[in-house]
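Visitor: Now for the letters of each chain:
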Amino acid sequence: MSDVAMAVRPRTAGDYKSDLKPIWCPGCGDYGVVQAVYRALAAIGRPSHEIAFVSGIGCSSRIPGYTTAYGFNTVHGRALPIAQGIKLANPDLLVLVAGGDGDGFSIGGGHVAHAVRRNVDLTYIVMDNQIYGLTKGQLSPTSASGRHTASSPFGALEAPVNPLLYVLAYGAGFVAQGTPADMAGLASVIEAGIRYPGFAFVNVQSPCVTFGDPEWQLRQHKAALETLDSLDHDPGDRLKAMALAQEYGTKLYTGVFYRDPEPPPTYEAGVHERHAALRPQAPPRDRILEAFRPRRDGEGGDEEARS
Amino acid sequence: MNHDLIVGMAGSGGDGVVSAGELLLTAAALEGYHGILTKSFGSQIRGGESSCRLRLSTRPVPSSGGTLDVAIALNWDDFLRFGTELQVGGRTTVIYESATGVAPDRLPLVGVVPAEALAVPITELARKAAGTDWAKSAVVLGLVSGWTGLGRDALAGALRRKHAKKGEAVMAANARAFAAGLDYAAAYPLRTRRALAPAPEGQGVKLLADGNEMCAAAALHAGCQFFSGYPITPSSEIMHFLSREIWKHGGTMLQAEDEIAGVGAAVGASFAGRKAMTATSGPGMSLKTEMLGLATIAELPLVCVNVQRGGPSTGMPTKSEQADLFQAIFSAHGDAPRPVLAPTSVADTFAVTVEAFAMAEGYQTPVIVLSDQEIAQRKETVEPFDVSRFQVVERRRPTEFELRDYQRFRVTDSGVSPISQPGMAGGSYLASGIEHNEAGAPTASGEVHARMNEKRLRKLEPLKERRDLFGVEGDPTAPLALVSWGSTAGVAHEALRLAEAEGLRVKLLVPSLLFPVAEAVYRDFLASVQAGFVVEQSYQGQLYRVLRMYVDVPRGVRSFARSGANPISPAELVDALRRTAQDLQRHQMPEMEPRE
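Line order of the protein sequences matches chains W and C.
The opening residue of the first sequence carries number 0 in numbering that gives the first Met the number 0; numbering runs sequentially from there.
The opening residue of the second sequence carries number 0 in numbering that gives the first Met the number 0; numbering runs sequentially from there.
Please keep in mind that the hints were generated in silico from the structure rather than gathered at the bench.
Quantities reported herein were computed from a predicted structural model and do not represent experimental measurements.
The calculated label-pair distances, taken between Cβ atoms and stated as ranges, are:
| hint | chain 1 | residue 1 | chain 2 | residue 2 | range |
| --- | --- | --- | --- | --- | --- |
| 1 | W | Val208 | C | Thr317 | 49 to 59 Å |
| 2 | C | Arg557 | W | Pro279 | 55 to 65 Å |
| 3 | W | His271 | C | Pro475 | 50 to 60 Å |
| 4 | C | Thr288 | W | His271 | 27 to 37 Å |
| 5 | W | Gln280 | C | Asp257 | 30 to 40 Å |
| 6 | C | Arg557 | W | Ala275 | 57 to 67 Å |
| 7 | W | Pro260 | C | Asp132 | 56 to 66 Å |
| 8 | W | His271 | C | Gly130 | 50 to 60 Å |
| 9 | C | Pro475 | W | Thr134 | 56 to 66 Å |
| 10 | C | Val111 | W | Arg273 | 53 to 63 Å |
Pulled a few chain C residues facing chain W out of the computed Cβ check, cut under 10 Å:
| hint | residue |
| --- | --- |
| 11 | Lys205 |
| 12 | Gln224 |
| 13 | Phe225 |
| 14 | Ser227 |
| 15 | Phe240 |
| 16 | Thr251 |
| 17 | Val266 |
| 18 | Pro383 |
| 19 | Pro421 |
| 20 | Ile433 |
In this text, a Cβ means the ideal position worked out from N, Cα and C, and glycines have one as well.
I would like the entire structure built from these sequences, with the hints used as guidance.
Guide: Following this line, the structure appears as structure tokens:
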């Protein structure tokens, strides 16, 4: 079903790396994420011009420019609607979406549920660093309660959102988490997300070295991460996935939380069927106004059907 | 015999006055008359008061007209709620439900005695003939048909067709009610003659559409392959039409979760190479603004329809206004105005929408179609026309040669750069809302920013030469002028004809292109002009203000503007022109003195 699996020729990670030099801070987790994306794309093997990579606004949203794909660095929080438009306009494309936790769960939070329920075949990578880095260190939707930031000097009064649990609850067919502290694992969950035929969500714990929580950096990740494989987690078990996702913020599980064993049809598959059914009814181009001809009693036409 | 007839009806929701109006218009279209039907409702979804005004004519009708010739009140409370839309004058024939108990010389109308008032037992006729109050609208149809002579066969047929699904019994009951109305009209002829002259020979069947449907059909003609939007009054019919039809043409539609996603998905589809459209009204337009700026800087074609309603905020969702012009042109942050086009009628909505796609694709820019509730939701007869007259434009894609060293935003002579799309080998680039250089790489260079701003604005310059997007009528040397746009242009057109018939020397300019302001077109038009009015439906007089920004408007040209839901009538424009002509004569401005 998913034509992304059709490799044309063996490709290397380098094929997907652009000439643009990343301007992230030295040591930023996002360097690891873009490397993992190169690797995942190489494993899939689609030529880069058949890939659209869409992002919002934020440090992490610079990522499309660092790849050789068709990139679209859009506006804050709106990468998902734009990506759906791209995929529906040309279902043959491999469409990746990326952004930060603010982009996906604050300003653009309203779009996630609908991207999930439409089930357009996209892979949505959120680089979750629990802070607003680009604007210099304010509270983000995933910042821990009580956290001191530029906009919460006395500590955050609100609780963080749990992206994994949200997206599972919305009904997503694929939910995974990774960290650049485990590059191979991260590349493999991104690849699995791309291969999943439907909306796939990958949360990446990508630490901010400049404004980030010192307790939550790559070195600590390496020590703290627990792979879901090592827990013998069955990714077909949605309730178990939700139970594990509850640990977001306290434990760092990596791997696939949930993969629907029977993926439901995508939106674009429905579009394809509808085209097959309705295209034969297309009026000739020069008779497009026929729909407006009033009908006399006894004449055929779809007027009643419409009223 | 009347060549032009305006009938207004009002009642409560169940009285069926709007459906009666629709059937009358359908019958008229089949017989070859020209007509416009406007509907007006209270804000209730079901029930509540509703009204319609129907103008029928043997000649083309540019507006829904002014004072009613025939007013029909199913009850007075509901009728009086539409005071500004259903104006009764000294020459109006008033027909009303006799069960209201109002005496013909005691009508609850302020300051006017109509030419004739007739109480008709409409409900009683419906009950007797059909056994139900639901047949009141069929009785009304019979009355109107009887008094105007409008095709009883066509009406009887339209009535049958409307009730076909409800079975023979309902159809027969309605036919009896219709006949009862006819009989009553025959038994009680009007003193005021309301017979409609026959449609001229050779008049074929007219098409019937509202502006929203016409906009959607035009989008399909233009090759629109993607529509996404969010339901909002009064633009939703565009989505409704496309949700039925776009699939047949291989396109896709999406009902988005909000207005932002609605425009966002369309921007995405355009990036992916498809012609894309979104449609909304004021509040949605406010939400879409950021994304329009993105389409401007990423140089992506996009058609965004704004069916204007009363504003600001929720304002008056079911009423027409033309107060979103400033927003349409200037609402983006940064130097990012975009082309704005406005249709003047249902038929014109086709031309304007196809043109909007041509501009969007040709110049790689968002284009606003600024329709209004009046045009968008009124049903109008349309003379069948050849759609192939309206040229379809495709975006300029890079040649294989250009793809060898491809720069998406290359600064060209025209300012338009060849545009690639995902799937095209060699054309990969980064589209972005961040300022970028010719290759698409993000930049914070002031020099590059200035150059790209210049490119993005320069490419729109040729639009200012598009004289074909302006309608000019009347005496070219006239000292008096009207300028008007959107649905109000029809009123101005009618005022021009009336003023000319009085011997006033007037001309009219109607821009379809509101922005960029075609300075030379206005300069030429205004050269002979000493006084006149920019006529529009807004408090501020937004077109007038925009013209004052770009054009040397003569001091004698003033704003004739009024808030929405207070229609401007042709007669009051003629009054204003007459007074202005008298002023000009009295004060003999220096320019008016004979020249050597």
